[in-house]
Amino acid sequence: MQLFQKRSAAVIAAALWSGLLFIPQQAFAHGFVEKPESRAALCSESYGLLNLNCGSVMYEPQSLEAKKGFPQDGPADGQIASAGGLFGGILDQQSENRWFKHIMTGGVHTFTWTYTAPHKTSQWHYYITKKDWDPNQPLKRADFEAIGTIEHDGSPASNHLSHQIEVPQDRQGYHVILAVWDVADTENAFYQAIDVQLVSP
Numbered sequence: 004m005q006l007f008q009k010r011s012a013a014v015i016a017a018a019l020w021s022g023l024l025f026i027p028q029q030a031f032a033h034g035f036v037e038k039p040e041s042r043a044a045l046c047s048e049s050y051g052l053l054n055l056n057c058g059s060v061m062y063e064p065q066s067l068e069a070k071k072g073f074p075q076d077g078p079a080d081g082q083i084a085s086a087g088g089l090f091g092g093i094l095d096q097q098s099e100n101r102w103f104k105h106i107m108t109g110g111v112h113t114f115t116w117t118y119t120a121p122h123k124t125s126q127w128h129y130y131i132t133k134k135d136w137d138p139n140q141p142l143k144r145a146d147f148e149a150i151g152t153i154e155h156d157g158s159p160a161s162n163h164l165s166h167q168i169e170v171p172q173d174r175q176g177y178h179v180i181l182a183v184w185d186v187a188d189t190e191n192a193f194y195q196a197i198d199v200q201l202v203s204p
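Numbering (our numbering), first residue to last: 4 to 204.
Be aware that a few hints might be false.
What the hints assert, rightly or not - Label-pair distances were calculated between CB atoms; the ranges are:
1. Gly81 <-> Ile150: 18 to 26 Å
2. Ser165 <-> Val202: 33 to 41 Å
3. Val111 <-> Gly88: 32 to 40 Å
4. Thr115 <-> Ser158: 15 to 23 Å
5. Pro204 <-> Glu63: 34 to 42 Å
Hint data in this document are derived by calculation from the structure and do not stem from the laboratory.
C-beta: ideal position from N, C-alpha, C; glycine also.
Based on the provided sequences and hints, a complete structural model is requested.
Pasting the structure below:
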């Protein structure tokens, strides 16, 4: 009986191990915008804790993953910054003074991602809040307009891949830039909100 139990345990362990070997590498792939640091990144000790009281996203700024297809699909209104209410939805708190803002002028800026694991990639796309958005209301899909798309060939995104994106010069004050990384071989994307204070050159 004991021999049978030992053999059964060995078979189960082997099956579990072989199953793990066949889990796609993409299941462990994540990423976030490190320059200019996203709302989530600034919750992290690694980036100065400039955003406080963020909850556990401070340990996982790379894990803001939701369905792709923004703005027609993806995170619902009021849950955009948290990628669908992840980590308790704390990142969706929205007011004029809730989050640290990067001082930025309009014009071309470099946006750099950090990837914690490789991931096959179809594209990145970038959005900014419209001139008439309300910074004291939860973010809505209709608040955003597209400002750039970077196409990719389906291969894994290289580490620290940077994009040149033109930020509009026709608005000033507080705005949110949304960076979205579309995965090529899953239904998901990664969402990163970046808070900026646009000023004259």
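32 to 40 Å as the expected CB spacing between Gly88 and Val111, which holds or is violated: With a Cβ separation near 33 Å, Val111 and Gly88 satisfy 32 to 40 Å, so the hint holds.
Range agreement (Cβ of Val202 with Cβ of Ser165, hint 33 to 41 Å): violated, 23 Å
Outcome of range test on Cβ distance (Thr115, Ser158; 15 to 23 Å): holds, 18 Å
Glu63 and Pro204 - C-beta distance against the hinted 34 to 42 Å: At 36 Å between Cβs, range holds.
Satisfaction of the hinted span 18 to 26 Å by the C-beta atoms belonging to Gly81 and Ile150: 22 Å Cβ-Cβ, so the 18 to 26 Å window holds.
Consistency with the previously given hints fails for number 2 only.
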